[in-house]
Amino acid sequence: MVSAVLDLAAGQGAAGVQEQVAVGFRPVLPGLILALPLLGAVLNGVGAFLWRERKGLATLIGPGTLLAAFAIVLLNVLGMRSVAPHAPAIVHMWTWIQSGDLRVGADLQFDRLSLLMCMIVTGVGSLIHVYSVGYMREDPGYSRYFSYLNLFVFFMLILVLGASLPMMFVGWEGVGLCSYLLIGFWYDNRAFSNAGKKAFIVNRIGDAGFLVAMFLVFTTFGTLDFAPIVERAPDTLVYGGALVTGITLLLFLGCTGKSAQIPLFVWLPDAMAGPTPVSALIHAATMVTAGVYLVARAGVLFALSPVSQAVVASVGAGTALFAATIAIQQYDIKKVLAYSTISQLGYMFVAVGVGAFTAGVFHLMTHAFFKALLFLGAGAVIHSVHHAWDHASHDDGRPRHGDPNDLRNHGGLKAFMPKTWVFMWIATLAIAGVFPFAGFFSKDEILWSAGAYGYPILWGVGLATAILTAVYMTRLMVLTFHGHNRTFGQGGGAEAARYMHEAPPVMWVPLGILAVLSLAGGWVNIPEALPLPHIGWLEGWLEPVFEPAMSVAAAHGIEAAHAAPTGGGEALWALLSTVAALVAVLLTYRALAGRRVPTEAEAVAPIGFARVLHDKWYVDELYDRLIVRPSMALWRGCWRVVDAGIIDGTVNGAGHVARLFGWVGGQLQSGRVTTYLFVFMLGAVLVLGVLA
Amino acid sequence: MSPALAGLGTTDLVALLVSAILFSIGVLGVLLRRNAIIVFMCVELMLNAVNLTLVTFSRLHGVEGQVLVFFVMAVAAAEAAVGLAIIIAMFRHYQVVDLDRYRVLKW
Numbered sequence: 001m002v003s004a005v006l007d008l009a010a011g012q013g014a015a016g017v018q019e020q021v022a023v024g025f026r027p028v029l030p031g032l033i034l035a036l037p038l039l040g041a042v043l044n045g046v047g048a049f050l051w052r053e054r055k056g057l058a059t060l061i062g063p064g065t066l067l068a069a070f071a072i073v074l075l076n077v078l079g080m081r082s083v084a085p086h087a088p089a090i091v092h093m094w095t096w097i098q099s100g101d102l103r104v105g106a107d108l109q110f111d112r113l114s115l116l117m118c119m120i121v122t123g124v125g126s127l128i129h130v131y132s133v134g135y136m137r138e139d140p141g142y143s144r145y146f147s148y149l150n151l152f153v154f155f156m157l158i159l160v161l162g163a164s165l166p167m168m169f170v171g172w173e174g175v176g177l178c179s180y181l182l183i184g185f186w187y188d189n190r191a192f193s194n195a196g197k198k199a200f201i202v203n204r205i206g207d208a209g210f211l212v213a214m215f216l217v218f219t220t221f222g223t224l225d226f227a228p229i230v231e232r233a234p235d236t237l238v239y240g241g242a243l244v245t246g247i248t249l250l251l252f253l254g255c256t257g258k259s260a261q262i263p264l265f266v267w268l269p270d271a272m273a274g275p276t277p278v279s280a281l282i283h284a285a286t287m288v289t290a291g292v293y294l295v296a297r298a299g300v301l302f303a304l305s306p307v308s309q310a311v312v313a314s315v316g317a318g319t320a321l322f323a324a325t326i327a328i329q330q331y332d333i334k335k336v337l338a339y340s341t342i343s344q345l346g347y348m349f350v351a352v353g354v355g356a357f358t359a360g361v362f363h364l365m366t367h368a369f370f371k372a373l374l375f376l377g378a379g380a381v382i383h384s385v386h387h388a389w390d391h392a393s394h395d396d397g398r399p400r401h402g403d404p405n406d407l408r409n410h411g412g413l414k415a416f417m418p419k420t421w422v423f424m425w426i427a428t429l430a431i432a433g434v435f436p437f438a439g440f441f442s443k444d445e446i447l448w449s450a451g452a453y454g455y456p457i458l459w460g461v462g463l464a465t466a467i468l469t470a471v472y473m474t475r476l477m478v479l480t481f482h483g484h485n486r487t488f489g490q491g492g493g494a495e496a497a498r499y500m501h502e503a504p505p506v507m508w509v510p511l512g513i514l515a516v517l518s519l520a521g522g523w524v525n526i527p528e529a530l531p532l533p534h535i536g537w538l539e540g541w542l543e544p545v546f547e548p549a550m551s552v553a554a555a556h557g558i559e560a561a562h563a564a565p566t567g568g569g570e571a572l573w574a575l576l577s578t579v580a581a582l583v584a585v586l587l588t589y590r591a592l593a594g595r596r597v598p599t600e601a602e603a604v605a606p607i608g609f610a611r612v613l614h615d616k617w618y619v620d621e622l623y624d625r626l627i628v629r630p631s632m633a634l635w636r637g638c639w640r641v642v643d644a645g646i647i648d649g650t651v652n653g654a655g656h657v658a659r660l661f662g663w664v665g666g667q668l669q670s671g672r673v674t675t676y677l678f679v680f681m682l683g684a685v686l687v688l689g690v691l692a
Numbered sequence: 001m002s003p004a005l006a007g008l009g010t011t012d013l014v015a016l017l018v019s020a021i022l023f024s025i026g027v028l029g030v031l032l033r034r035n036a037i038i039v040f041m042c043v044e045l046m047l048n049a050v051n052l053t054l055v056t057f058s059r060l061h062g063v064e065g066q067v068l069v070f071f072v073m074a075v076a077a078a079e080a081a082v083g084l085a086i087i088i089a090m091f092r093h094y095q096v097v098d099l100d101r102y103r104v105l106k107w
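Residue numbers (our numbering), protein chains in the order written: chain X, 1 to 692; chain B, 1 to 107.
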């Protein structure tokens, strides 16, 4: 074990470890990027048993290992910047599976896409780790928490760095495991641990699709490594053929599970049961984008199948709109953000579905910034409300109960938490797509691509979703930070002023960094069409990765138009969408600010269509009736009839028969010597009779 | 006369007949009597009936039958020692030598 870690750390050296690196780029300490989070997970996992009370040590190990990994990733990015575009650098660590024709190595693939993802995972991950130090300070499971979080980052890095489908699958399942562990982190709450199970089970459905797709890829290509698949796909597979459509649709089924798209999105809102930084890292910024990453990674295959592309884009657009409508009527701050995440993931699938892979990855990146910021800001609010209640209850002995997540228990927090308020508004404007925040550039590029690649309906749905996004995010901000404070009831302002406080620096500094990224993160890719200095850094950076997919599309006459479906250039439509978002923000603000909001205790159930949205279109209930209950009935039948009846009946029946024979034999054994002698004689005579 | 008895003289037949009667008395004694000592003696009676048969047939077939008789006698002597010792031990325990009272030979 130790030597394996050391090998991993060195990435070379010991027996059987060799490197095959393309000329030009040599990954710096590739194994260490993975080994550091793993080491942190192991140390903190041991610590959870041995030095549970020594939180300083856990603090040092958890965020420390990740920051070191981030530094190494940065070194690699700098190294890759200085060389010309090249084939992906494959780091071969050892042969994992060797069976017949199947050969799978524990290989890492370093190219521009995987390094970009590594930057997001380790960068945003580090910030969230640091934030967790403040958020989880008083939790008894502190070491365990950091152990899980580091393990998650380890698996996420395997997912993005894996050079073959099975390696990616290892990461894919690993992050699913960590997600399960962290959703059910407070496992003594039955509802929370059930939410963890739900996430795990729903994801299994998608994983089945991923596995079958993997089998099909192997029978088609004879290999599971990405590099040869990308190279051979255009010649091996028929454009638009049933095989490639099947493979890509099955892969996409996996994506709908992991990335919470229709029909498998139901687990993500429930995943909010975990600690809030977990929601930020796993269920917003990184893990749920794995599906988008997979589509981008297998871009060539998707480019070969127009049907699959249409399915991906349509499902994405449908999910985006659907989730956004639900977000409008939610009162749990984390649920609003959860549905918002589902909706934004839908955008990314629209982009990769229409073939604008760069736009999808761009939105993935900016979304990681502003959604992590939103969740961490929400965490700061929850933390603050929770503590205010605790302190007040402690001071006068009158317990305060309530849900610290409920928007109706917030209100007016900008007076108490000015920093969080500013950062959250930056994130809100970013996600709403207001110029010049990060979301504007990425979202605009997606909308533009949808129109330019000839999907006007998706473009319209996207625009509608953008407006809805602006509405529900402004609603969240107004209910949380503006108006009167309702934390201590409608007239409890004095108490609130006494007990509410701003988040500690260890929490608001990461928020500040994310706020800067949410503001400026979009400036890495400013399209030529806008009347701004053209910066094509991200596009240029990712161009060699998506070149094979683009050439496939170009070979079949698919390319982006230079005008919107209804005329006009990109600049005009960008202007329109940002104006629409801004108007939506202002109108919502005007409509809601100053209005008296009932507290959670006073609230009445919504009626009419609002109720349908509040109850999430009854999707959970539908699944319950259609799938959960019939299968429960079926399995209960299996238990009662097959297991208890047939199997147990057979086993118990064998026992009864043996007892019966035993009883008969027992009757012969009377204990009377004369009887025995008589039977013995009888036997002797019988034997003699037979012999004679 | 059955082929198994061909070549036997009158004396032999009388001896076999006595042997059969003795054996039957022994069997009946073992089955019908309740006194352990009587049963034991009946067992001895059966052994001696067999000895008589063996000696009779050895007149016809050679000396092996007589050798076997000595073995039976030796074993019967050992058996008498052990058997009587067991009966005495049983008597000391139950104060009777009635086989019907010995009902513990089960389970």
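Rather than coming from a laboratory, the hints here were simulated on the basis of the structure. For clarity, every value in this text was computed on a predicted model and none was experimentally measured. Incorrect hints may have been included.
To be verified - Facing chain X, a subset of chain B residues (Cβ under 8 Å, in silico):
#	residue
1	27
2	59
3	100
Beta carbons: idealized from backbone N, C-alpha and C, even for Gly.
Comparing the hints with the structure gives:
Evaluation of the residue 27/B hint against chain X yields a held restraint, the C-beta minimum of about 6 Å falling below 8 Å. At a threshold of 8 Å, the smallest CB-CB gap from residue 59/B to chain X is about 22 Å, leaving the interface hint violated. A hinted interface residue such as residue 100/B counts as satisfied when its beta carbon comes closer than 8 Å to some beta carbon of chain X; here the least separation is about 7 Å, so the hint holds.
Going through the hint list in order, the structure does not satisfy hint 2, though it satisfies all others.
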